Structure formats: structure tokens, C-alpha cells
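Line by line, the protein sequences are chains A and B. In case it helps, numbering that gives the first Met the number 0 puts the first sequence at residues 0 to 279. In case it helps, numbering that gives the first Met the number 0 puts the second sequence at residues 0 to 314.
Any given hint could turn out to be false.
Claimed, not checked - Cβ pair distances, simulated, as ranges: (1) P126/B with T179/A: 22 to 30 Å; (2) N108/A with V76/B: 23 to 31 Å; (3) L259/A with P126/B: 45 to 53 Å; (4) F67/A with E4/B: 23 to 31 Å; (5) W2/A with A109/B: 21 to 29 Å; (6) V52/A with Q130/B: 29 to 37 Å; (7) E4/B with A168/A: 42 to 50 Å.
What the hints assert, rightly or not - Residues of chain B clear of chain A, computed beta-carbon distances all greater than 12 Å: (8) R99; (9) E106; (10) I166; (11) S179; (12) R207; (13) A260; (14) S287.
No lab work stands behind these hints, which were simulated from the structure alone. Everything numeric in this text was worked out from a predicted model, so none of it was measured. Note that the Cβ used here is the ideal one computed from N, Cα and C, for glycine as well.
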Amino acid sequence: MWWRNVKSAVFVGLCGLSVLLALVPLAAVLYLVVSEGISSLNLAFFTQMPKPVGETGGGMANAIVGTFILTGLGACWAIPIGVLSGVYVAEYGGSKFASTVRFAADTLNGVPSIVVGIFAYAVFVLPFRQFSALAGSAALGIMMIPIITRTTEELLKLVPPTLREGALALGATRTRAVFTVVVPAALPGILTGILLALARIAGETAPLLFTAFNNRFWSTDIRQPISSLTVQVFTYAISPYEDWHRQAWAGALVLVGLVLTSALLARFATARLERMHRGL
Amino acid sequence: MAKREDWTLRLSTGGFGLLLLMIVAGIGVQLYRESALSIAKFGWSFWTTENWDPVSGEFGALPFIWGTMYSSILALVISTPIALGVAVFTSELAPAWLQRPLVFLTELLAAIPSIVYGLWGIFVLVPLVRQFEVWAPAWLKAFPLFQGPPLGVGMLAAALVLAIMVIPFSSSVAREVLRSVPRAQREAAYALGATRWEAIRTALFFGRTGIIGAVILGFGRALGETMAVTMVIGNTPQISWSLFAPQYTMAAVIANEFTEATEELYLHALVEIGLVLFAMTLVINLLSRALIWAVGREGKRAAVSQPPTLASEGA
């Protein structure tokens, strides 16, 4: 018996150890990004344009604006498609077509981001012979859709059926019951899901490499190539210049800050939602 | 009033569902169309030859397939035990107050952008790996697994970064699988006098298909991972068993060479690599979903056929 108890204790210990092993890289990455990033982060980083090679200083103002344009425009494509197909899957979950849509969403979620980039290149860059912010936002939007679809579905299912039944009993059509009662009840959760999806795609690099490309200059024209934080960090990281490495770390810190803030916000929002549902 | 179908809702939302479906199908179709030249010219030999020479128009993708498969498998070998340990600890062993923060932290690992891992890889991990390679004693270097000059960049660094990035995916799925294993399974084990580990092993065994599914899902993630790998693997198309050798992956070659591909055939060759990457992830997702789904169903059936239990486990 003592041997089995020892074995049990050893395995329990190994499980604890693996948690530590998983958290060490997290701590290492966060620590380094913060310590290297903080010292390079200054006002110029947010307000100035990149300096030519050889000159120190400058910032990533154009890349920051570019990232906001790309993710914002991507969200414009993805939110209607994601939310409405989520409503469909939640409402007609039993039907064969709904399972196909759900499966398509899961598949799209697993498609490598670089492949989505090639697709956006073939559809939005090749015909116009021009890299553009539009193509980049399309690639990001495609990556957002499945995340939004699945969150919308999950959250609509959490809405108590009594709410819908109340609306139907009052004579509302199904359309009206869904869009004026069920969806609004789940709206805070859906918005949280959208926030998380935004944070995730704001950190994407691969699908932008040959759609939005990059731009050393200030540009807000969606028909032109545009800079983004992630592509800029990549360009700087693989460059041989010390000052560019410094800026890459600052860019990484801004990216990680964006992601962490939205993850924390989402966590608080979901905790509140869960309390609300338990109260119902 | 008879129950009437509300077509407004069905058609308006269904239309967007159809659009989602068309995007997925469109990816496959477009990738196929844009790789037609390369498929027609090289056929199967594209996947069996090693020669990647854009200048003379010779394209063989074997080194990239090799690099992708080798790095992903190595990443799985490293990450699977850790991911399983994390899943077991967060779902079965950790006290209730610790579970949620731990789950949150492991999920943060998945939230950090790939490019940040890449940056960390270039400036921290690669120098560490190089130190290890310099330090490696001669008897170790006698193995083919550890041959070559100490460059730092290469398969070992890529596999480590990939492993870190895959852990949160497989551990969160494995955790869900463990949760869907009926409590009665563990209680029966305890009732027979099992130790804690033996009870957990029972649960792991019950959910084995789903756990394999979780690992395969992680494999799918590793196959398609681009930026972090591109930044640390060394980007040299060669087939080698050595962990110290710089190599290349399918995603990395697309990321690096796509904008340089001025020849149409070159571009089509790169898209064909993307097409196969797409097909691989498709098959892998299908397989893992089927496995995970099977456990959920089995768990429900087992839970229904057993009476509710009172005792709580692990106390």
C-alpha cells in the first residue's frame, strides 16, 4: 500500500510541476516584454512617424492608427456575419444545415492565419494588383467570424427560455421575439465575445504580410497599403539595428497591453453575467 | 393558430450562415485555382523532391513538409505531458479557489500574440539554445539528433516555442474532456480503494479518445503556426534529423517568400503549399472534433444510466 501511496503522491506532484512549467514561459515573456518595453515606451512612440534607417528615435504612430483601422474595418465585416449566423445556429440548432454551419465555423477557426492571408490575397489583392488596407481587414474579418459565431450561439443558449416564451405569448413573431428580447438579453455577453475576438486579431501578423503589406508613411486610405503594429514589430525584430529592436519591444508591450486589458475586461464581464444568470 | 414557420428569421439569419459556409468553401476553391500552374507542372513530384530553386523554376516542397511535421511532432512530444498535467491539476487537484485563476493564466498563454513569442524567441530563447549547443558534450553530439554547428536558431528553438504555444489549446480541451467524465467513474475507483492517482487514471482512461482528440487539435495548431516559428527556425530548406540544424516550415516559407514571388509559377508553388496546409488542418480538425464529441456522448450515456451520487470525491 505504501508504494501505491508514494506513486500517487509522485504523480500529483508531477501535475503540479507541469502547471509551474507552463507558467514559467508566461512569466518570462511577460516580464521581458514589460521590462524591455517600458524603457523604450515614450510619448514619441505614439505620436511620431518611423525615422529613416540610421536615425534613432521616432515612433509608430502610423502603425498604431493602421492597427485600429484594420481591426475596426475587419469587425465591420465580421460582426454582422458572425452574430447573425450565430443566431441562426442557436435558433435552428437541430437542423442539418445548422450543424453544417457550426462545423464550418469550427473549421474556419482552425484554418491557419497564413492560409486566410493567401485567400484574401487571391480575392482582394490580385484583381486590383494592389496591396490594400481593405484586403488586410478582410483577412482579419474572416478570422473573427467563427469566434463571434460560436460565442453568440453559446450565449443565446444561456438566455432563459421563459423570456422568449413571454414574448411569444404576447403575440410577437419569432423574429421579433429573437431580436427584441432574446438577443438584447445576451448582448453584454456577445459584446464581450466581440471584444475578445478583436483582441485576438489585433495581434495577428501572418494574414497581413501580403494583404495590408506595410507602409513607412502616414496613410488612412483603405485602398493603399497600410502599416500595422504587428507587421512593424516583425520588420523591426528581424532587422540588424539596435534602435529598431528597442522599438519592437515597445510595440510588443503595446500589443500585450491591448490583449491583457481586453482579456481582463472580458473576465469581469463574464463573471458578472454568470452571477446575473444564477440570480434568474 | 397553427404553428407557423417564421421565414423572415430563418432566411435572414440563414443567409449569413450560408455566407460563412461559402467563405470556407471559397478558401479551398481559390487556393486550388491559384495553384493550378504548379499542380499541372509538377504533379506529385512537387511533394517528393527536395529541390527548391526559384531562380531556375524548380520547386520541390519536401523540406517544408518535413520541417512542419518534425517541428509539430517534437512540440507535441514536449507539450503533451505538460498539457495533461495542467488539465489534471486544474480540474481535479487544485483547490476550488485556485482553479479559476489557474485556468485564466493558462489561457493567457494562448492570448499572447504569436509575434511576441517570436520576439522573445529571437532575443531570449535562441541565445539560451545556442549556449546549450555550445555546452553540449562530445558524446551527446555523436548522436545524429544533436549534430551540427551551434547556431541557436533551428529545430530545437522552434519546437520549444511551438510547445509553449500549444499547451493552452490541448490543456483546455483535455480539461473539458475530464469534466465530461462522469463523477461515478472516480467514485467507483475510490470505493474500490484506489489512491488519488489511480482514480484520476481511471478518469483519464475513460476520456482517452477525447484526450487524443485534444492532442490532435494541438497538432493542428502547431502545423499552422507561422510567425514565431519563422523567427526562430533558421529558414533553411533542408531535411535533417538534427535538432541543432536550421530548417524551414510550410507556413514560414509562405510568410517569407510570398511577396518576393514575382514569377507566376513561383507564386502558384507557394499557394499549393498553402492548399495542402489547409487540407491538413481540415482533416485534423475533423478527426479531433469527432473524437472529442464521442467522449461527450459516452459521458452522457454513462451518467444517465447511473444513479445520482451523494459523496464528493477527493476529500
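- Task: Determine whether the Cβ-Cβ distance between F67/A and E4/B falls within the hinted range of 23 to 31 Å.
- Result: violated, 43 Å
- Task: May I ask you to check that R207/B keeps its beta-carbon over 12 Å from the closest beta-carbon of chain A?
- Result: holds, 17 Å
- Item | Whether the CB-CB distance between P126/B and T179/A falls inside 22 to 30 Å | violated, 59 Å
- Message: Just to be sure I understand the hint, the distance between the Cβ atoms of W2/A and A109/B should be within 21 to 29 Å; is that true here?
- Response: violated, 38 Å
- Task: Hey, is A260/B genuinely clear of chain A, shortest beta carbon separation above 12 Å?
- Result: Given that some Cβ of chain A is not farther than 12 Å from that of A260/B, nearest at about 9 Å, it is violated.
- Query: In terms of Cβ atoms, is chain A entirely out of 12 Å range of R99/B?
  - Reply: R99/B is in fact no farther than 12 Å from some Cβ atom of chain A, at 9 Å.
- Beyond 12 Å from chain A, beta-carbon-wise, is S287/B? violated, 9 Å
- Message: A range of 45 to 53 Å was offered for this pair. Does it hold for the Cβ distance of L259/A and P126/B?
- Response: violated, 26 Å
- Task: Hey, is I166/B genuinely clear of chain A, shortest beta carbon separation above 12 Å?
- Result: Its Cβ does come within 12 Å of chain A, the nearest being 5 Å, so this is violated.
- Quick one: work out the minimum CB distance from S179/B to chain A and report holds if it exceeds 12 Å, violated otherwise. holds, 16 Å
- Item | Beta-carbon spacing of V52/A to Q130/B - inside the hinted bounds 29 to 37 Å or not | For V52/A and Q130/B the Cβ distance comes to about 31 Å; the hint holds.
- Item | Satisfaction of the hinted span 42 to 50 Å by the C-beta atoms belonging to E4/B and A168/A | violated, 19 Å
In summary, the structure is inconsistent with hints 1, 3, 4, 5, 7, 8, 9, 10, 13 and 14 from the numbered list given earlier, while agreeing with the others.
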